[in-house]
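Place chain X on chain Y using the hints.
Chains as they are written, first to last, in this note's numbering: chain Y, 1 to 198; chain X, 199 to 358.
Errors might be hidden in some of the hints.
Just a few of them, taken from the derived set where beta-carbon distance is under 10 Å, the chain X residues facing chain Y [stated by the list, open to error]: (1) S212; (2) D265; (3) S278; (4) T285; (5) A286; (6) N289; (7) W297; (8) S302; (9) A305; (10) H335; (11) P337; (12) Q338; (13) N340.
Hints listed in this document are in silico derivations from the structure and should not be mistaken for laboratory results.
Positions of the beta carbon are idealized from the N, C-alpha and C atoms, including for glycine.
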Amino acid sequence: MKLPIPEFLKRYWHFLTRPLALALWIILAFGFFAGIIFWGGFNTMMEMSNTEAFCTSCHEMRDTVFQEMKTTIHFSNRSGVRASCPDCHVPHEWTHKIVRKVQASKELWGKITGKIDTPRKFEEHRLQMAMREWDRMKKNDSRECRNCHNFDSMDFSLQSKRAAHMHSTALASGELTCIDCHKGIAHKLPDMSGVPGW
Amino acid sequence: MNRRTVSLLWLPVSAIILYLASITVLQGADNQPPPEEVESLRGAAPVGEVPAAPDLKKYPKEQVPMDLQFVGQPPLIPHSIRGYQITANSNKCLTCHAWENAASTGAPRIGISHFRDRDGKVLADVSPSRYFCTQCHVPQANAKPLVPNTYQPVESLKKP
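Only chain Y is shown next, with the shape it has when bound in the complex (with noise of 0.2 Å):
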């Protein structure tokens, strides 16, 4: 049986195949090879921009946080594992993680304008930053935390009494998530004062 062509595929056909059309070709691969580039591009700029070197290449972020988080567990402890700073800032999944790409732009813009460009500013800053990353964390369950930290293969037994007893009760029943208790955990803390729970 003769599948029904229909009228205005059988037009743009006709149109695509007459001699002047070779430019619409050429037009047509450009942007097919343009757009594999672009797209490639685009995924190795997100790549690049996703490493610890990069968060790092700038001083407000060298001399600061990071200075701080050396000391801690996720930068050096008995096992090796290391957490890196897209580890706890940037979510995995792809929409997830465009949006915070935009959201970090504004960091950029930050830097480019020298808001934050003294360690003091920084430290002027840090608790409108550290409240964007607490609001963040608590509207999205700790997502990041959890990426390493899987609540259904904690073995509380295996905790320390005081981790077992916050686990098993407020953690447990979704009461709380991750960074309602663990604020800090990577960088020094801002003036806590009001808080909950400070």
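Just chain X now, with coordinates in the frame of chain Y:
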């Protein structure tokens, strides 16, 4: 006795006096306690040599609280405090030990004494003189006493 014999006699006499004097002086020197062996914290190793470092102390995650030795002793910390920040900005200890948090965290509350300032006045919150907890409370570790100590707790605090 003519003058000559007198001056001749002086010779042995002065020799004897000199001898006795030097004996007493030297005897005194002998009676001094021997100079103390001074040892710096790095030990007896000569400067220029690098002595082996002592083992790092172990701070276990949690331990059974140690017995108190006297009334009013600041208890040792029976848990790990790695990474706990105590700064002008924040005090991690108080997130568990403050009175308003103790019930939900199951931690013992800080003693009443922690609300008293140096003049004995009771304040509404932790006294600034008690803010830096690790000034008085240290985690339990496998550390030997730095100096010998023969202190004994009173009968009532002794373990049966």
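Tested hints:
no.: 1; hint: S212; verdict: 77 Å, violated
no.: 2; hint: D265; verdict: 19 Å, violated
no.: 3; hint: S278; verdict: 7 Å, holds
no.: 4; hint: T285; verdict: 7 Å, holds
no.: 5; hint: A286; verdict: 8 Å, holds
no.: 6; hint: N289; verdict: 8 Å, holds
no.: 7; hint: W297; verdict: 13 Å, violated
no.: 8; hint: S302; verdict: 8 Å, holds
no.: 9; hint: A305; verdict: 8 Å, holds
no.: 10; hint: H335; verdict: 16 Å, violated
no.: 11; hint: P337; verdict: 13 Å, violated
no.: 12; hint: Q338; verdict: 14 Å, violated
no.: 13; hint: N340; verdict: 18 Å, violated
Consistency note: the structure conflicts with the earlier hints numbered 1, 2, 7, 10, 11, 12, 13.
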